[in-house]
Every structure is written in C-alpha cells, then in structure tokens.
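Colleague: Start from the sequences, fold in the hints, and give me the full structure.
Protein chains in written order, with numbering that gives the first Met the number 0: chain A, 0 to 158; chain B, 0 to 158.
It is possible that some hints are incorrect.
Chain copies aren't distinguished; within one or between two, either way the pair holds.
Stated by the list, open to error - Using 16 Å as the maximum straight-line C-alpha spacing, the simulated EDC-like pairs for lysine to aspartate or glutamate come out as follows:
{"#": "1", "residue 1": "K107", "residue 2": "D47"}
{"#": "2", "residue 1": "K49", "residue 2": "E143"}
{"#": "3", "residue 1": "K99", "residue 2": "E135"}
{"#": "4", "residue 1": "K144", "residue 2": "D50"}
{"#": "5", "residue 1": "K144", "residue 2": "D47"}
Keep in mind the hints are simulated off the structure, nothing from the lab.
Just so we're clear, the structure is a prediction, and the values are computed from it rather than from any experiment.
Number of protein chains: 2
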Amino acid sequence: MSHFTIHPIGVIHTPYKQKQELPIQGRFETEVVSYLEVKKIYQEGLLDLKDFSHAYLLFYFHQSKKVTMVGTPYLESIPHGIFAIRSPHRPNHIGLSLIKIKEIKENKVFFIGADMFDGTPLLDIKPYVPYFDHTENATAGWLEKHFKNGNIPTGISHK
Amino acid sequence: MSHFTIHPIGVIHTPYKQKQELPIQGRFETEVVSYLEVKKIYQEGLLDLKDFSHAYLLFYFHQSKKVTMVGTPYLESIPHGIFAIRSPHRPNHIGLSLIKIKEIKENKVFFIGADMFDGTPLLDIKPYVPYFDHTENATAGWLEKHFKNGNIPTGISHK
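Modeller: So this is what it looks like as structure tokens:
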C-alpha cells in the first residue's frame, strides 16, 4: 500500500478563475451559487442527497504544484504546520469544503459555499450529518484571535 | 487529469481489527483513545495542531474492494445513493472522520473518535475550524428519523 490511484468523479464549476478572485472561505459568500457535475455513471449515487441541507466536497487541488510542511496562511505573519492550516500545498493535495445544497437536477448539484477554482476535479461527496459532524465548544488554534467577539476578518470574503 | 496518485502520510492505530468491532460512528465512543502516526518526514507539519480541539482525518478505506452506487446503511432497510451515505464502498474509497485531539507527541496524535480499522492508511489531517465548519440547523435526510428527540439508535456504538 505504498500508493493509491484516484480519479475525478466529476468537476466543480465556480465563478473563480484566478487566485485573487478566490474567497478564503466560501461560506461567507452566501449569494454565490456554484454547481458540480458528476459523471453520468455516478448520477445514481446522488439518490436522496437532496434531503440533506449540507454536504462535504472532497476535491483535488489541481493548481497546486508543491508540498510544504509549514505555511503562513492569510491573516497570519508566522508559519504553522501544514496539518494546522487548510493550504492546498499539502501532501496528497486533497481539499475539503462544507457546502450548502440548493438544488439537485440530474447529475448537477447547485450549491452555496464554493472556495475552489472553476474546473476543480471532484473526488467525493459526503452527506453532512449533524449527529456525527457537529461539535460544541471547538477551539480553533491560531484562528481564534482573528474571529474574537464575532469578528469576521476583512478580506476573508473577496467582496 | 484522468487520475491522480496519492500515498499514505502515515497510519492510524485503533482497537478495531474486525468489522463487527467497528463503531458506526466513533464520536459516540468517548472513552476509546486511538492514535495516528505520521511518517517522520511529515512530523513538522503537525506544528500548532495541538492548539485545535478537533481535526478531520482523511484516510483510505483499504479494506473495501468494491464500489456501489447505492447502499443500504446500518439502521435502514432501503438503499440510498452512495453520496448520501458514508459507506466505504464509494468511488475513490476516501474516508472522513471528525476526531477530538487529546495529545500530540512527536509524530503521534492521540485522539478520541476512531471509527476505522487498525492499520488504516492516513491521507491528510485538517484542522477543524468552527468558523468555517460549524453549521446551524443542518438537516440530515434519512438519518433524521433515527435521531429524533435526542435518540441515539441502539448499536450505533459497538458497546
């Protein structure tokens, strides 16, 4: 088990074509509707996903060409470990975003919350289950100070 | 971009060696401490992860040898789409679990919430950031009826 081969199950279409257009986190972009399209052979797998309000998308950071062990994220001036940040420049280049499902039509899922480039290869969709995934009193390490007292840092949305 | 190669960044050690031992969801096993071990070359990537209470583990379902488009999960008698359940028999065989971090020592992370087999290949660790990942009023499709009024279904923990 030295390596595994994975493949796109579809593609994610977003309004974001260049780095400076990308929001830091898509969930603050509540009016931008994006959509993903699974290959026709996977359409049956979407059955009953419409009954969930949210889902995780797993995708491939196809524009990242490097791997670093530490990175200095937006908002910070000092580096943190790659496993303590959400940078694309990580081993295996797999991204994870929580999205809000708007509508499902055939092999397309329309959603709110995109923070990835247009054309991003989709690897998986998992239903968000609050009974499993909801956490009370979680602490957010280096991010806490930036979000203190309900603050949303300037620039975390590209608007 | 027809396929991508990924590799284990380490391994997850859990008490679960056989299918009947696996909890349906690890988060209900609040006293079982498991640990993951990243390869030494990735140890630097753990810097500052200790300041987060929770993290996502991405891992490879190495014991799943099939892919199905629908599946009938535990608790249910009718099938749902693979993207509306958390079954291992999914395209790309990537698993996602939210875990609670107990302690980090060198290249080992001790945690609560394992729901995968002992020896599972680890693909990534991402910090859980409540400001990005926390969702209010999420609905859980076919799972809702089973968890109604605070119920935790019998057998969801293996205890």
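Colleague: Of the numbered hints stated previously, which ones are contradicted by the structure, given in increasing order?
Modeller: As far as the earlier hints go, not one is violated by this structure.
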